[in-house]
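S.K.: Required output: the full structure, derived from the provided sequences and hints.
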Amino acid sequence: MGIRVDKIRSDFPILKRGFTYFDSSCMTLRPLQVINAINSYYEEFPACAGRSMHRLGNKVTEEVARSRDIIRKFIGAKKKDEIIFTRNTTEAINLVANSFKFEKGDKVLITDKEHNSNLLPWQLLAEKGIIKLKVLSSKPDNTFNLESFEREVKDVRMVSIVHTSNLDGVTNPVKDIIKIAHKNGALVMLDAAQSVPHKVLNVKKLDVDFLAFSGHKMLGPSGIGVLYGKKELLEDLNPFMVGGETVKESTYTTRVWEDLPERFEAGLQNYAGIIGLAEAAKYLDKVGRKNIEKHEVKLTKKLTKGLEELGDVKIIGPEAEQRGGITSFNIGNHDSHQVALLLDNSSAIMVRSGAHCVHSWFNKHNMDGSVRVSLYLYNTKKEVERFINSLKEVKKLLG
Amino acid sequence: MICIIALIIFGVLGIFSARHRIIAKEALDCVLRRITLRKCETGLDKRLKAQITGRLMKGYPRTGRQVYKHFELISWFFTILLVLSIIFSAQGLYFFAKYGNCNGLNSDKFCIFDPLNSLGGDDFSSEVCIDPSLVSEKELSFAGSIEGHPSIGSKDAAVTVIEFGCFSCPNTAIVEPVVRNILEEFTDKILFVYVDFPLKHHDYAYEASLAAECIWNNQPELYWDYHINIFENQATLSQEVFLTIASEVGADIESLNKCLANEESKSHVDEDFQSGIDSNVYGTPTFFVNEESLVGAVSYKELKKLIEDQLKE
Numbered sequence: 001m002g003i004r005v006d007k008i009r010s011d012f013p014i015l016k017r018g019f020t021y022f023d024s025s026c027m028t029l030r031p032l033q034v035i036n037a038i039n040s041y042y043e044e045f046p047a048c049a050g051r052s053m054h055r056l057g058n059k060v061t062e063e064v065a066r067s068r069d070i071i072r073k074f075i076g077a078k079k080k081d082e083i084i085f086t087r088n089t090t091e092a093i094n095l096v097a098n099s100f101k102f103e104k105g106d107k108v109l110i111t112d113k114e115h116n117s118n119l120l121p122w123q124l125l126a127e128k129g130i131i132k133l134k135v136l137s138s139k140p141d142n143t144f145n146l147e148s149f150e151r152e153v154k155d156v157r158m159v160s161i162v163h164t165s166n167l168d169g170v171t172n173p174v175k176d177i178i179k180i181a182h183k184n185g186a187l188v189m190l191d192a193a194q195s196v197p198h199k200v201l202n203v204k205k206l207d208v209d210f211l212a213f214s215g216h217k218m219l220g221p222s223g224i225g226v227l228y229g230k231k232e233l234l235e236d237l238n239p240f241m242v243g244g245e246t247v248k249e250s251t252y253t254t255r256v257w258e259d260l261p262e263r264f265e266a267g268l269q270n271y272a273g274i275i276g277l278a279e280a281a282k283y284l285d286k287v288g289r290k291n292i293e294k295h296e297v298k299l300t301k302k303l304t305k306g307l308e309e310l311g312d313v314k315i316i317g318p319e320a321e322q323r324g325g326i327t328s329f330n331i332g333n334h335d336s337h338q339v340a341l342l343l344d345n346s347s348a349i350m351v352r353s354g355a356h357c358v359h360s361w362f363n364k365h366n367m368d369g370s371v372r373v374s375l376y377l378y379n380t381k382k383e384v385e386r387f388i389n390s391l392k393e394v395k396k397l398l399g
Numbered sequence: 001m002i003c004i005i006a007l008i009i010f011g012v013l014g015i016f017s018a019r020h021r022i023i024a025k026e027a028l029d030c031v032l033r034r035i036t037l038r039k040c041e042t043g044l045d046k047r048l049k050a051q052i053t054g055r056l057m058k059g060y061p062r063t064g065r066q067v068y069k070h071f072e073l074i075s076w077f078f079t080i081l082l083v084l085s086i087i088f089s090a091q092g093l094y095f096f097a098k099y100g101n102c103n104g105l106n107s108d109k110f111c112i113f114d115p116l117n118s119l120g121g122d123d124f125s126s127e128v129c130i131d132p133s134l135v136s137e138k139e140l141s142f143a144g145s146i147e148g149h150p151s152i153g154s155k156d157a158a159v160t161v162i163e164f165g166c167f168s169c170p171n172t173a174i175v176e177p178v179v180r181n182i183l184e185e186f187t188d189k190i191l192f193v194y195v196d197f198p199l200k201h202h203d204y205a206y207e208a209s210l211a212a213e214c215i216w217n218n219q220p221e222l223y224w225d226y227h228i229n230i231f232e233n234q235a236t237l238s239q240e241v242f243l244t245i246a247s248e249v250g251a252d253i254e255s256l257n258k259c260l261a262n263e264e265s266k267s268h269v270d271e272d273f274q275s276g277i278d279s280n281v282y283g284t285p286t287f288f289v290n291e292e293s294l295v296g297a298v299s300y301k302e303l304k305k306l307i308e309d310q311l312k313e
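Protein chains in written order, with our numbering: chain X, 1 to 399; chain D, 1 to 313.
Treat each hint with caution, since some may be false.
[Unchecked claim] In silico EDC-like pairs for lysine to aspartate or glutamate, Cα to Cα no more than 20 Å straight-line:
(1) X:K78 <-> X:D236
(2) D:K69 <-> X:D344
(3) D:K58 <-> X:D344
(4) D:K49 <-> X:D335
(5) D:K46 <-> X:E321
(6) D:K58 <-> X:E385
(7) D:K49 <-> X:D344
(8) X:K80 <-> X:E258
FYI, nobody ran anything at the bench for these hints, they're computed from the structure.
M.R.: Encoded structure:
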């Protein structure tokens with residue numbers, strides 16, 4: 001069963017303003033249900049969780065626990081303790097990079113299409129001499145090179161790769177990657193910021209070791225993210241950020257670490273964000289991520305056809321079916337920022353431009369950036385048509 | 001180039017709003033980078049270009065395309081225009097502060113800083129009725145006496161304004177309303193004295209002065225009515241007109257005729273003229289405001305300013 005976009009759109013108050021929002025890979029819009037859930041915390045129980053014994057404190061504790069469970073189910077994790085709330089994907093990856101007990105000379109493998117969030121933490125560790133960083137090149141069509149991976153993974157301690165690329169929308173074959181990695185004794189960390197919001201994902205079935213994603217890319221609030229980790233692996237991590245709630249008790253010289261997941265959730269948490277994130281997960285489950293994915297691919301195909309018909313448009317990555325809801329392109333040699341600005345100012349169409357935090361890939365390919373259209377469940381065929389027509393005008397203007 | 005325009009415009013707006021201050025800072029950064037032949041990093045130039053052309057594209061796609069294509073050229077044009085307009089505005093402000101008219105001395109053109117002409121800038125003109133034979137390098141300095149001349153105001157006033165005027169001089173006529181306004185504003189503060197200075201080459205100048213002198217001597221209460229009427233009918237002055245005006249203001253025509261024929265009356269007019277020559281007056285109107293002098297059909301603002309300065313002293 002498909003999705004009823006008109007019904008979905010009515011849940012997003014901001015869409016009444018009449019613009020076209022094609023930048024969901026950066027930040028999604030929020031439905032009223034999520035906004036109400038966030039507000040409910042501030043209006044009804046704006047207190048501390050896990051500390052205060054009073055009725056408001058208990059209510060927050062219950063809501064956070066309930067939210068954690070919703071997120072657990074959302075990604076198919078086994079235990080609630082395996083869900084750690086972070087600020088975002090970046091913090092989750094940093095947590096693993098800085099807490100995992102690497103031995104000197106351990107190798108970490110990433111791809112050549114990583115977001116800075118999954119490049120820089122490892123780059124710094126490599127500079128400190130803690131790890132050796134290996135970068136796996138993609139195939140010429142920008143898809144994952146599994147054959148090359150099989151060769152490169154042999155002496156690797158950890159594989160940290162993007163699940164769905166924010167650059168071109170390509171989803172890596174993580175099931176195979178994880179199998180091969182595990183066969184070679186490597187752990188796998190997935191940057192799932194662009195996959196969890198758009199596809200059904202089950203960490204148990206995937207057998208992934210660590211997985212990170214953000215709330216703001218899945219209709220949830222900003223400033224909330226999740227790190228999933230297998231319990232035994234999380235328990236073995238060094239403490240990362242420490243402070244309030246990360247210990248059971250302490251003396252001036254010693255402390256007893258708290259159990260999971262609190263051990264990694266230092267200080268007062270973003271309770272409104274956690275509750276809003278759970279509501280977003282519920283919303284996505286209700287619509288069905290399989291339906292969302294289908295909807296996105298359908299729109300991407302239409303978009304790709306329109307772009308190809310325009311001529312002089314270079315799309316980054318493989319064919320439409322493999323790019324989910326993301327399409328990165330350039331018009332001739334024109335500046336991507338200029339194209340984005342013109343689309344916004346002439347037609348109120350919002351797209352992303354630039355290097356999309358994947359500077360390394362653009363530098364490798366001697367490119368300044370690209371225009372990126374990222375679609376989501378609230379986008380329509382009409383919007384895609386409008387975009388193509390507007391782009392036609394922009395193209396004429398650019399000459 | 002667009003960053004220079006943005007810097008100036010947002011710099012001014014930034015005085016009042018923090019939001020515009022941020023854009024002004026971006027523009028400044030852009031300008032500094034461009035001066036040193038580097039690329040603008042803030043992207044302000046791109047944003048402005050896209051905003052302007054993007055909005056044009058909505059209603060006028062063809063215009064939008066042309067503007068985009070020639071954006072740098074158009075930016076240069078507007079930058080030059082803006083710089084020129086700033087220079088002219090500054091000059092206008094300077095003139096306005098100094099002369100009361102933004103177009104400079106001797107101009108009677110429209111002034112944007114005083115659109116309603118509340119300061120009387122439009123009657124500003126330094127046109128003078130000159131007797132070339134009297135022009136000299138000598139400094140103007142009142143050398144006569146204020147006694148016996150038509151006057152308005154208290155003799156104890158701190159400021160004495162003496163006007164040497166000619167009834168046939170168009171510039172004296174032009175300045176007449178200015179004098180009226182000044183008298184209205186500075187009643188009780190100044191003593192205004194009118195001294196006849198009938199220029200020889202002006203028809204009926206001497207006759208008009210003589211008639212006015214006679215009325216002043218015979219019926220001083222009618223003098224200013226007569227004086228104003230003469231200026232109002234300056235274009236049609238004749239012996240007949242003098243008498244008609246005199247009659248209209250209620251003068252005794254018989255005694256006026258007698259006075260006109262009287263040599264003593266003539267000698268008064270001659271004395272007046274001589275006092276002008278002694279004061280180095282070479283044309284009309286010439287004003288003495290205490291020790292200061294002004295020549296020509298001065299503006300209300302200029303005369304007022306001189307009086308105020310003297311009052312302060």
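S.K.: If a hint holds in the structure, say so; if it doesn't, say that too.
M.R.: Hint check results:
{"no.": "1", "hint": "X:K78 <-> X:D236", "verdict": "holds (18 Å)"}
{"no.": "2", "hint": "D:K69 <-> X:D344", "verdict": "holds (19 Å)"}
{"no.": "3", "hint": "D:K58 <-> X:D344", "verdict": "holds (11 Å)"}
{"no.": "4", "hint": "D:K49 <-> X:D335", "verdict": "holds (13 Å)"}
{"no.": "5", "hint": "D:K46 <-> X:E321", "verdict": "violated (34 Å)"}
{"no.": "6", "hint": "D:K58 <-> X:E385", "verdict": "holds (17 Å)"}
{"no.": "7", "hint": "D:K49 <-> X:D344", "verdict": "holds (12 Å)"}
{"no.": "8", "hint": "X:K80 <-> X:E258", "verdict": "holds (15 Å)"}
The earlier numbered hint that this structure contradicts is number 5, and it is the only one.
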